[in-house]
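Let's have the full structure, built from the sequences with the hints guiding it.
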Amino acid sequence: MRTHTVMESPVGPLTLVTDDDVLCGLYMDYQRHLPDTTTFGPRDDTAAPDVKAQLTAYFAGDLKEFDLPLALLGTDFQRRVWQELRTIPYGETTSYGELAERLGRPTAARAVGLANGKNPISIIVPCHRVVGSTGSLTGYGGGLPRKRYLLDFENGTPVLPI
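For the sequence shown, my numbering begins at 1128 and goes up steadily by one.
None of these hints come from the bench; they were simulated from the model. Honestly, I wouldn't trust all of these hints.
Pairwise CB distance ranges, derived in the manner of DEER restraints [as the list claims (entries may be wrong)]:
1) D1279 x A1184: 17 to 23 angstroms
2) T1164 x F1204: 22 to 28 angstroms
3) R1232 x A1187: 20 to 26 angstroms
4) D1171 x K1191: 24 to 30 angstroms
5) P1137 x G1168: 25 to 31 angstroms
6) R1237 x A1187: 34 to 40 angstroms
7) S1260 x T1164: 14 to 20 angstroms
8) R1237 x Q1210: 15 to 21 angstroms
9) L1200 x K1179: 18 to 24 angstroms
10) P1285 x G1259: 20 to 26 angstroms
11) T1234 x D1171: 42 to 48 angstroms
12) D1171 x P1285: 35 to 41 angstroms
13) G1259 x V1149: 29 to 35 angstroms
The list that follows gives simulated cross-link-like pairs (lysine-lysine, DSS-like), each with its CA atoms no further than 27 angstroms apart [what the hints assert, rightly or not]:
14) K1245 x K1191
15) K1191 x K1179
16) K1245 x K1179
Backbone N, C-alpha and C fix where the C-beta goes; we use that ideal spot for every residue, glycine too.
Next comes the structure, spelled out in structure tokens:
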């Protein structure tokens, strides 16, 4: 059964959507590509205790790698991109072109960017770690200030409030 809960975080409220206790969505407020919220199921604030615990540890600086069952719902290509995102180490970045190369699709940087933007489980599937070819910040579903915050946080540099 699909349910959702909301938790506070340094990047604002996070909506966690689970289906039979497996995380299938993590959305920020005002997120681009937000699905119809009626598909989130009823609110249950007892849901997703492991997800909440790991996100709390992440934002406390105590967790660098998430270990949670995920249901990544998308096309085959999107799921390949999202799986590859999970291999980008904490505190590091890669470019859309580099990600396309790693997928064996060197000319697909734009398609990688589109799939990245549709990532249904932000932060845990770290789409914020993908930058432009020059290292510049480019689009982020949660907004560029949040992307900057997350990258600075992971690099141990002072972070500004969002």
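Status of each hint after checking the structure:
Our hint of 17 to 23 angstroms for D1279 and A1184 holds, since their Cβ atoms are close to 19 angstroms apart. Separated by about 26 angstroms at the C-beta atoms, T1164 and F1204 satisfy the suggested range of 22 to 28 angstroms. Under the hint 20 to 26 angstroms, the C-beta atoms of R1232 and A1187, about 37 angstroms apart, miss the expected range. In this structure, D1171 and K1191 meet the distance hint of 24 to 30 angstroms, their C-beta atoms being roughly 29 angstroms apart.
Roughly 26 angstroms separates the CB atoms of P1137 and G1168, a value that falls within the hinted 25 to 31 angstroms. For R1237 and A1187, the hinted distance range of 34 to 40 angstroms is satisfied, since their beta carbons lie about 36 angstroms from each other. Between S1260 and T1164 the Cβ separation comes to about 35 angstroms, which falls outside the hinted range of 14 to 20 angstroms. Between R1237 and Q1210 the C-beta distance comes to about 19 angstroms, which sits within the given range of 15 to 21 angstroms.
About 21 angstroms separates the C-beta atoms of L1200 and K1179, a value consistent with the hinted range of 18 to 24 angstroms. Take P1285 and G1259: their Cβ atoms lie about 23 angstroms apart, and the range 20 to 26 angstroms holds. Judged by the Cβ atoms, the range 42 to 48 angstroms given for T1234 and D1171 holds: they are separated by roughly 44 angstroms. Between D1171 and P1285 the Cβ separation comes to about 36 angstroms, which falls inside the hinted range of 35 to 41 angstroms.
Checked against the hint of 29 to 35 angstroms, the C-beta distance between G1259 and V1149 comes to roughly 33 angstroms, which is consistent with it. Of the supplied pair hints, the one linking K1245 and K1191 holds, its CA atoms being roughly 23 angstroms apart against a limit of 27 angstroms. With a C-alpha separation of about 15 angstroms, the suggested pair K1191 and K1179 falls inside the 27 angstroms cut-off, and the hint holds. For the proposed pair K1245 and K1179, the alpha carbon gap of about 22 angstroms is at most 27 angstroms, so the pair holds.
When each numbered hint is compared with the structure, violations occur for hints 3, 7.
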